[in-house]
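Number of protein chains: 2
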Amino acid sequence: MATLTTRAPGQEAPLADHAKLVPLLITLAVGLVIWFIPPPAGVEVAAWHLLAIFVATIVGIILKPLPMGAVAMIGIMATALTKTLTIGESLSGFNNTTIWLIVTAFFISRGFIKTGLGERIAYYFMSVLGKRTLGLAYGLIGTDLVLAPAIPSNTARGGGIVYPVLLSLCKAYGSNPDDGTANRMGAFLVRSVFQGLVVTSAMFLTAMAANPLAVELAAGQGINISWGQWAIAASVPGLLSLIAIPYILYRLNPPEIKTTPEAAEMAKEKLQKMGAVKVPEWIMLAAFVLLIGLWIGSEALSINATTTALVGLGLLLLTGVLTWGDILNEKGAWDTLVWFAALVMMADFLNKLGLIPWFSEEMGAAVGGFAWVPAFLVLALVYFYSHYFFASCTAHVSAMYAPFLIVSVAAGTPPLLAALVLAFFSNLFAGTTHYGTGPGPVFFGSGFVSMTDWWKHGLLISVLNIVIWLVVGGLWWKILGLW
Amino acid sequence: MATLTTRAPGQEAPLADHAKLVPLLITLAVGLVIWFIPPPAGVEVAAWHLLAIFVATIVGIILKPLPMGAVAMIGIMATALTKTLTIGESLSGFNNTTIWLIVTAFFISRGFIKTGLGERIAYYFMSVLGKRTLGLAYGLIGTDLVLAPAIPSNTARGGGIVYPVLLSLCKAYGSNPDDGTANRMGAFLVRSVFQGLVVTSAMFLTAMAANPLAVELAAGQGINISWGQWAIAASVPGLLSLIAIPYILYRLNPPEIKTTPEAAEMAKEKLQKMGAVKVPEWIMLAAFVLLIGLWIGSEALSINATTTALVGLGLLLLTGVLTWGDILNEKGAWDTLVWFAALVMMADFLNKLGLIPWFSEEMGAAVGGFAWVPAFLVLALVYFYSHYFFASCTAHVSAMYAPFLIVSVAAGTPPLLAALVLAFFSNLFAGTTHYGTGPGPVFFGSGFVSMTDWWKHGLLISVLNIVIWLVVGGLWWKILGLW
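Protein sequences appear in the order of chains Z and G.
So the mapping is simple: the working numbering equals the position in the first sequence, first residue as 1, plus 816.
So the mapping is simple: the working numbering equals the position in the second sequence, first residue as 1, plus 816.
Just chain Z, same shape as in the assembly (with noise of 0.2 Å):
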């Protein structure tokens, strides 16, 4: 007998996760209405169709009826049921190569947790820096700097590893959120390791999942922007937001403690606990140093950024430091498949049938008079701060970056500093709310940090990246050469 606790087949809560009716209904009308609009001259109607599916799509992944990879199924399975694509042109973001770098990173990422090497890295970083407790968040955020070229969760990363070692050093300094201790260490380490991490996204192709969508959106408009390229023109604009961020929330908000010499013995203790580093270890760090070296090098040695990911993956099954299962089980890469290969799909046929360069040409007779600098300059403001609209990176990144790029092109930006410059903002725009970024609730769930605070720092350390981004990133650009 089927009892209260025990759910017997066919007595399941039933249909308790259907869609939202609400936001369903809405993002079905939005599609409706610019589906039954007469396209704009100049527009062929499948473009238009396309572009009504496109806009109900990114409508859902905002207003989330269901969860985004459903939603970009449903969104793929429209393009195909309307006929305004073939079932095999619906289906073309599947083999697209910058998914499968990110979906490759997603599984290598697992053996940063799987192996421990992470954790070791992080003890190790306190070990070094750990004696203060601004030296704490410097070694907090140096394991997700380390970490993130590898990493394109910045939840697994910073939830995942960071997090963890966080919480246990308020615990250790009896900081806790609820009982007036929050100051003593816990909102300083929560403040500066969270916006931190914002940075860290920024400064890889691989180091957030959006960030290889802005890629594959800037190469739409013949802008190309390789991974070593990424890199270094984030590097000095990165590096100096980690080390500013940090200096800034301790002397604005000083936590209580200040010096924590027991720290970096615990840390060491931990170290020593785990042991000298094992093979597996070993084999993560070499195909991590193999995956760097070879991304970096990419176009000298002409290898694909993505045979490279696929070469680290393969070292790691081979030697059974990853199990196939362990990629089965990996749903986030699993997940970003669907949903990117659903956009990156719109996206391409949108560029193929005509909209996206009819829209530029528009765009350019439109804002053609104005002076590039301040009008690139308004359109990154209103990316950046429009962010206050969004629940994830990606979504905002899908509704907004191709039209920015397109119009900031348009009215003269140096298109390669257009497309970084909104790109890097897709990830600093994060740091603003407690809701904007997939690790953004779970760090501030830990309830360190009211709200109040939460978002008054948000605005400050916003304000910080914009002028270090824009002006000492825009005088390092120019030295690259990249404008």
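Note that these hints are calculated values from the structure, not bench results.
Check the hints yourself; a few may be wrong.
Only pairs whose alpha carbons sit at most 16 Å apart, straight line, appear in this in silico EDC-like list of lysine to aspartate or glutamate [as the list claims (entries may be wrong)]:
hint, chain 1, residue 1, chain 2, residue 2
1, G, Lys947, G, Glu1085
2, G, Lys947, G, Glu1081
3, Z, Lys899, Z, Glu860
4, G, Lys1294, G, Asp1269
5, G, Lys899, Z, Glu1115
6, Z, Lys899, G, Glu1115
7, G, Lys1147, Z, Asp1142
8, Z, Lys930, G, Asp833
9, G, Lys930, Z, Asp1142
10, Z, Lys1147, G, Asp1142
11, Z, Lys987, Z, Glu1115
12, G, Lys1168, G, Glu905
13, Z, Lys880, Z, Asp833
14, Z, Lys947, Z, Glu1081
Place chain G on chain Z using the hints.
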């Protein structure tokens, strides 16, 4: 402190899952030897190198240094790393529409288990047919047949839905594997239902994961088989096999218990306990009927079979019968996506690079003089019984289907006839051993049937199936005008 039972990070059992060394070395050796043999006149070097990687992948799938998916992923990596193909070409299998048909069917099939509809169908059949032991066998096979079109994992269908019901019947009638009561009921039911499963797998394009692989390989030879065509061609010989098998097994080795009035009662009670058909089951049923209808009418309505599958999936997601979490959790689907994409990509480029056309021409010259009927008969029988050497239908199809089809056609066999017979045999041959298809180990593992008995009956039923499918099937396909 880490104890022996909890694994602290970095203290895992190191590399227990690395590639098995001897199979790995054989796989690599085969690939390297072919790679360095100079290609025969008329074959491009790139085609020859791809053949080396393809053969090594197949050998790896058979010898299993790692699970099939991992071998396939490394095969994809090898084509890109050696620059035999570009990375884009290496990943091109991932947008194949047939692959997404089967992947989507995997997702949909989860609904039968989750909603309890599969179990309900089984009890319904039992309540109608279950008054005699022979009727129970037909009832279980009937369940399997009804579910077959939309459950491409015969392991999920046989092992996940039918097998538990079979076991509960044996338990109720006191038939156990180890106390001399196996022949009361269990041995007969296991034999019948397993052999039935082999036949139902042959009856629909979407009833077994390797069926679409055969269709893709045939398409590479310009032979197109639609979902409806497959189902109609297989219907007559399939139903005849399903009727004959339990009856013959019953006559040869009758179960000791022959009448089972209580079973029908039990089933009715179970159904009563399940109550009225629930909303999710109705939706699942509606989606299922829609799928079958659209698949059969695919050509008339000009809706691609994959589009249909996506519509079914969309319906289940929107209504919450399936959640996005269910989809991400469906490891069999992601596994199939990877191995299928690797094999289809390689087969596709072996064609495009001219190796398969070259092979066809050579074969045409070599076997052109034979009469096709005896030639094809020999080829088909060799194809069938070579399954004693294979532990999976997929491995067998990927290794032998294309060359056997090419030689058959070269010998003058009507192409569609050859493609269908080999495709049907790709399922029927799995009845011979206890390891030849996924559900084999499940049913054999019940212990009701000894290995000698299993093989003896397997051989007998294989002869029965070959006669039915070649003679009755041949006539039926002649009437249909397929040859």
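Hints versus structure:
no. : hint                     : result
1   : G/Lys947 with G/Glu1085  : 14 Å, holds
2   : G/Lys947 with G/Glu1081  : 9 Å, holds
3   : Z/Lys899 with Z/Glu860   : 14 Å, holds
4   : G/Lys1294 with G/Asp1269 : 36 Å, violated
5   : G/Lys899 with Z/Glu1115  : 15 Å, holds
6   : Z/Lys899 with G/Glu1115  : 15 Å, holds
7   : G/Lys1147 with Z/Asp1142 : 10 Å, holds
8   : Z/Lys930 with G/Asp833   : 13 Å, holds
9   : G/Lys930 with Z/Asp1142  : 24 Å, violated
10  : Z/Lys1147 with G/Asp1142 : 10 Å, holds
11  : Z/Lys987 with Z/Glu1115  : 47 Å, violated
12  : G/Lys1168 with G/Glu905  : 11 Å, holds
13  : Z/Lys880 with Z/Asp833   : 12 Å, holds
14  : Z/Lys947 with Z/Glu1081  : 9 Å, holds
In summary, the structure is inconsistent with hints 4, 9, 11 from the numbered list given earlier, while agreeing with the others.
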